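Colleague: Sequence:
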Amino acid sequence: MKNLANQAKQATDKIGQEIGNLNGISADVVSALTAIQAVDSGSQRVCDINRRGGRGAEHGTSEMSTSMQRAAAEAAGAGR
0 MKNLANQAKQ ATDKIGQEIG NLNGISADVV SALTAIQAVD SGSQRVCDIN
50 RRGGRGAEHG TSEMSTSMQR AAAEAAGAGR
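Numbered continuously in numbering that gives the first Met the number 0, the sequence shown closes out at residue 79.
Wrong hints could be hidden among the right ones.
Stated by the list, open to error - Derived DEER-like restraints, expressed as beta-carbon distance ranges:
hint : residue 1 : residue 2 : range
1    : A74       : M0        : 45 to 51 Å
2    : D12       : Q43       : 45 to 51 Å
3    : K1        : G76       : 33 to 39 Å
4    : D12       : A72       : 32 to 38 Å
Calculated from the structure, these hints are not laboratory results.
All values reported here derive from a predicted model rather than from experimental measurement.
We put the CB at the ideal spot given by N, CA and C, even for glycine.
Generate coordinates for the entire structure from the input sequences, incorporating the hints supplied.
Modeller: This is the structure:
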């Protein structure tokens, strides 16, 4: 009986570790999706600026580039 109790405890500990790993992965996914959303939002702003033909097109393009670089860096970090 003692052996069975030890096996059950080990299994419970392992399940707890796996749940912790999944929580970490979930947090990474949320970060990556947030970064993607920021890039999408930035690209929509650039399209709006370019469609209006306003003077802010260069700023909008720069902002989108910055957002894309940030998203790429966060996505790279999420894969680690």
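Colleague: All the hints need checking, so say for each whether the structure fits it.
Modeller: Quick rundown of the hints versus the structure:
Between A74 and M0 the beta carbons are some 50 Å apart, a value that agrees with the proposed interval 45 to 51 Å. In this structure the supplied range 45 to 51 Å holds for D12 paired with Q43, their Cβ-Cβ distance being about 47 Å. The hint said 33 to 39 Å for the Cβ distance between K1 and G76, and at roughly 45 Å that hint is violated. For the pair D12 and A72, the beta carbons lie near 35 Å from each other, so the given range of 32 to 38 Å is met.
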